[in-house]
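Take these sequences, add in the hints, and give me the full structure.
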Amino acid sequence: MDLPVQNIVSEIDLKPSDALLPLFETIVNAIISLKQTKDMMRQDRMITIQIYRGESSSVLNFSGNKTISSIKVIDNGEGFTDENLKSYRTAYTHKNKKDFGCKGIGRFTILAAFNEIRITSNYKQKNKWRFRELMLDPINEVTVLKEQDSDEPMRQTTVQLAGCHNQSIKDYTALSINEIAESIMEHCLIYFLCNDLPIIKIIEIESEESTIVNDLYQQVSKERERQFSIGKNIFDCYIIKTAKVHNRKNHYIHYCANSRVVGIGKNISKVNSIFSYPIIDNGRPYYLDVYVVSEYLNKKVYNSRNGFSIPQENENGFLNNDGLISFDQIEENIAKLLVSEYDEFVKATQDRNIKELKNYIQINAPRYRRFLNREDFLNSIPPNLPDDKKEEALYKIAFNEKRKIDQKIQGFIDKSEINKDSIEIIKNELIEKAAYDSDSLSEYMIQRKAIIDLFKRFLEADQHGKYRLEEDIHNLIFPRGVTGREINYESHNLWLLDERFATYTFIASDMPITAFSENKSRKEPDLLLADSPPMFNNPICFAPELSGEISSMVIFEFKRPGEIAHQKNKSDYRWEYSHLIEKYFDEFLYGDNKKNYRGSHVMVRKETPKFGFVIVDAIPERLEAYNEGKGYRKTPFGSFYKIYPELNLHIEVLRFYQLIEAVEKRHTPFFDKLFAV
69 MDLPVQNIVS EIDLKPSDAL LPLFETIVNA IISLKQTKDM MRQDRMITIQ IYRGESSSVL
129 NFSGNKTISS IKVIDNGEGF TDENLKSYRT AYTHKNKKDF GCKGIGRFTI LAAFNEIRIT
189 SNYKQKNKWR FRELMLDPIN EVTVLKEQDS DEPMRQTTVQ LAGCHNQSIK DYTALSINEI
249 AESIMEHCLI YFLCNDLPII KIIEIESEES TIVNDLYQQV SKERERQFSI GKNIFDCYII
309 KTAKVHNRKN HYIHYCANSR VVGIGKNISK VNSIFSYPII DNGRPYYLDV YVVSEYLNKK
369 VYNSRNGFSI PQENENGFLN NDGLISFDQI EENIAKLLVS EYDEFVKATQ DRNIKELKNY
429 IQINAPRYRR FLNREDFLNS IPPNLPDDKK EEALYKIAFN EKRKIDQKIQ GFIDKSEINK
489 DSIEIIKNEL IEKAAYDSDS LSEYMIQRKA IIDLFKRFLE ADQHGKYRLE EDIHNLIFPR
549 GVTGREINYE SHNLWLLDER FATYTFIASD MPITAFSENK SRKEPDLLLA DSPPMFNNPI
609 CFAPELSGEI SSMVIFEFKR PGEIAHQKNK SDYRWEYSHL IEKYFDEFLY GDNKKNYRGS
669 HVMVRKETPK FGFVIVDAIP ERLEAYNEGK GYRKTPFGSF YKIYPELNLH IEVLRFYQLI
729 EAVEKRHTPF FDKLFAV
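So the sequence shown is numbered by my numbering: it starts at 69 and just counts up by one.
Just to be clear, a hint being listed does not mean it is correct.
[What the hints assert, rightly or not] Under the rule of at most 25 Å between Cα atoms (straight-line distance), these lysine to any residue pairs were calculated in the SDA-like manner:
#1 Lys415 / Leu392
#2 Lys140 / Glu250
#3 Lys426 / Asn447
#4 Lys312 / Lys214
#5 Lys651 / Ile687
#6 Lys470 / Phe439
#7 Lys423 / Ala403
#8 Lys674 / Ser620
#9 Lys309 / Asn335
#10 Lys317 / Ile307
#11 Lys269 / Lys423
#12 Lys140 / Glu276
#13 Lys368 / Pro353
#14 Lys317 / Glu250
#15 Lys368 / Tyr355
#16 Lys334 / Glu276
#17 Lys83 / Asp107
#18 Lys338 / Ser85
#19 Lys674 / Leu715
#20 Lys651 / Asp685
#21 Lys154 / Glu209
#22 Lys733 / Asp685
#23 Lys338 / Glu201
#24 Lys404 / Leu453
#25 Lys338 / Thr226
#26 Lys627 / Tyr725
#27 Lys334 / Glu363
#28 Lys426 / Ile307
#29 Lys457 / Glu363
#30 Lys472 / Ile449
#31 Lys698 / Glu644
#32 Lys154 / Ser85
#33 Lys338 / Lys524
#34 Lys458 / Arg442
#35 Lys317 / Tyr355
#36 Lys733 / Phe439
#37 Lys334 / Lys367
#38 Lys472 / Ala403
#39 Lys154 / Lys269
#40 Lys627 / Ile728
If you are wondering where the hints come from, they were derived from the structure by calculation, not from laboratory data.
Right, dumping it as structure tokens:
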């Protein structure tokens, strides 16, 4: 050879996706040989492929197929005539470039995967039958082993790819005969479209299984041929419609060069998400394969024919200036072409997507309800998205639209142009802004509804008759063992008790009093709240007063659902509700040392407004009667209260269901508006 074969082969880098590329190169060479055979009818052209298996794949393979060790490709084409042998000895020959797009390096691609190529050829030369045997390997290059006259008056060439050695692709040759046939069908489709495809038969030597590749084309419908241009470059598109079989889930674009498919197909849904579903024709699902052919692709294909020197993106607009084209440009044109060709399918897909998005908004994301009548926004969201991606897309639209409105309003403010028209414009923008700003409020109310529903579930017995622990209820309202300085407003649910309590500046939850005061008591009120107090700098609260006197104090005590509150003796109901909570107030009123860790005095006086709430699940009639005799009064809502004027202390007792009922009534107008269909 004119160039060292070993040097050429070493430059070829094959990827796992190129596992069958050496076979494809051999088949295409056989097809070209058959096309050059002038005295043969098209129906007599034949290629037989014999597959020889080797070891098991080292890559996880559930099919159990073994890897390919060797391949034989047999055809009845022109064969290794003197002229073809001369071409075979020369790298980068131009013999078949003009008519067949050959680059003269296919055999080197084969040697990048196999140890050697062994060839026997019975051919006709000047009306005389001849036989030739040769071998090609990277070290010895082309070696003619035998040349002689032949007694066999028939054309037959056998090309054997012997000893697959490239581990990068070898493990990925563990394909079934049907998978190999489908890959050949896709790679050689251009020949089928041009009516140049011979009969191709595949035989598994070990299992004796066989299949005819041409039979697969019966599933293919040559749907349409279309064309588009980018600059001066023309691209032809062959659109093939294939019935949905096996587990196929996508439409594909196949780029071709020199009558060959190059690389693997690209999922069309990645180009335009509308094509995420099969096309339905007469009730049957079909997928599209778009084969793209262009002289531009012929020029840009790599010598190894496993890719193109074409960038994916058009960066900074430089490509057009240089006459270059990106894949993004090509695919944008293909997408437009398909949308135009399959407009009914596109419309049906868009309608289905909009219906799914509206349903998602109404049920799961009412904060985006203003989009229900904005189909222009909804059409910009890809179809077939999971709920988390729907949420992401809707949020992105809302964020971008709100930002545009904010920029318009700021622009108006910066210009300071006030007239009738500008006032009307800004008024409309402010209305739009209010709609977007309401999203955060809607989201917050949705969270509240979920918390209310969870609270109700916590109060119910499970399938075993067991109730939630007191601490579960406690943690839902306010986490145990922390103060309001440690968590923010969004992290607790004090609004379940009363909206006013959410504004208290100090909140301590299920902590010993000594944890936030030098009072040595180990008593632990379930929830303590102080309104605008200076009282605890360590950290509890801040207020204008410097004396340490607090404005008001609230303490909650929760009792486990399913039990009678504080009932030590199950048959003794002679105790007051106040026993559950007044001990905590006593610690602040009468404790010996009321200082915080910094030494500041804590001022809780008898005049300080104090509120105690006891939340229980059950109040037996005898307990109710006893407390009414002790001064507790029953409200029209079924709760009980008692006022201790001398201590400025108000104690209220209510059941969990009354708490839930009250919170639901407070929220009903909001929920009705938010979740109304």
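Against the structure, the hints come out as follows:
1. Lys415 / Leu392: 34 Å, violated
2. Lys140 / Glu250: This hinted pair holds, its Cα atoms lying about 18 Å apart.
3. Lys426 / Asn447: 11 Å, holds
4. Lys312 / Lys214: 50 Å, violated
5. Lys651 / Ile687: 21 Å, holds
6. Lys470 / Phe439: With a Cα-Cα distance of about 13 Å, the restraint between Lys470 and Phe439 holds, given a limit of 25 Å.
7. Lys423 / Ala403: 23 Å, holds
8. Lys674 / Ser620: 11 Å, holds
9. Lys309 / Asn335: Roughly 15 Å between the alpha carbons, so the hint for Lys309 and Asn335 holds.
10. Lys317 / Ile307: 17 Å, holds
11. Lys269 / Lys423: 48 Å, violated
12. Lys140 / Glu276: 14 Å, holds
13. Lys368 / Pro353: 35 Å, violated
14. Lys317 / Glu250: Judged against 25 Å, a Cα distance of about 16 Å means the pair holds.
15. Lys368 / Tyr355: This hinted pair is violated, its Cα atoms lying about 28 Å apart.
16. Lys334 / Glu276: Judged against 25 Å, a Cα distance of about 34 Å means the pair is violated.
17. Lys83 / Asp107: Given pair Lys83, Asp107 is violated - Cα atoms ~40 Å apart, limit 25 Å.
18. Lys338 / Ser85: Satisfied, since the Cα-Cα distance of roughly 19 Å is no more than 25 Å.
19. Lys674 / Leu715: 5 Å, holds
20. Lys651 / Asp685: Status holds; Cα separation ~21 Å.
21. Lys154 / Glu209: Answer holds: Lys154 to Glu209 is near 13 Å, not above 25 Å.
22. Lys733 / Asp685: 19 Å, holds
23. Lys338 / Glu201: Roughly 49 Å separates the two Cα atoms, so the pair is violated.
24. Lys404 / Leu453: 22 Å, holds
25. Lys338 / Thr226: 42 Å, violated
26. Lys627 / Tyr725: 13 Å, holds
27. Lys334 / Glu363: 20 Å, holds
28. Lys426 / Ile307: Not satisfied, since the Cα-Cα distance of roughly 33 Å exceeds 25 Å.
29. Lys457 / Glu363: 40 Å, violated
30. Lys472 / Ile449: 19 Å, holds
31. Lys698 / Glu644: Holds, at roughly 8 Å.
32. Lys154 / Ser85: 32 Å, violated
33. Lys338 / Lys524: 45 Å, violated
34. Lys458 / Arg442: 15 Å, holds
35. Lys317 / Tyr355: 8 Å, holds
36. Lys733 / Phe439: The given pair, whose Cα atoms are some 29 Å apart, is violated under the 25 Å limit.
37. Lys334 / Lys367: The given pair, whose Cα atoms are some 20 Å apart, holds under the 25 Å limit.
38. Lys472 / Ala403: It is violated: about 29 Å lies between the C-alpha atoms, which goes past 25 Å.
39. Lys154 / Lys269: With a Cα-Cα distance of about 29 Å, the restraint between Lys154 and Lys269 is violated, given a limit of 25 Å.
40. Lys627 / Ile728: 15 Å, holds
In the structure shown, a violation is registered for the earlier hints numbered 1, 4, 11, 13, 15, 16, 17, 23, 25, 28, 29, 32, 33, 36, 38, 39, in ascending order.
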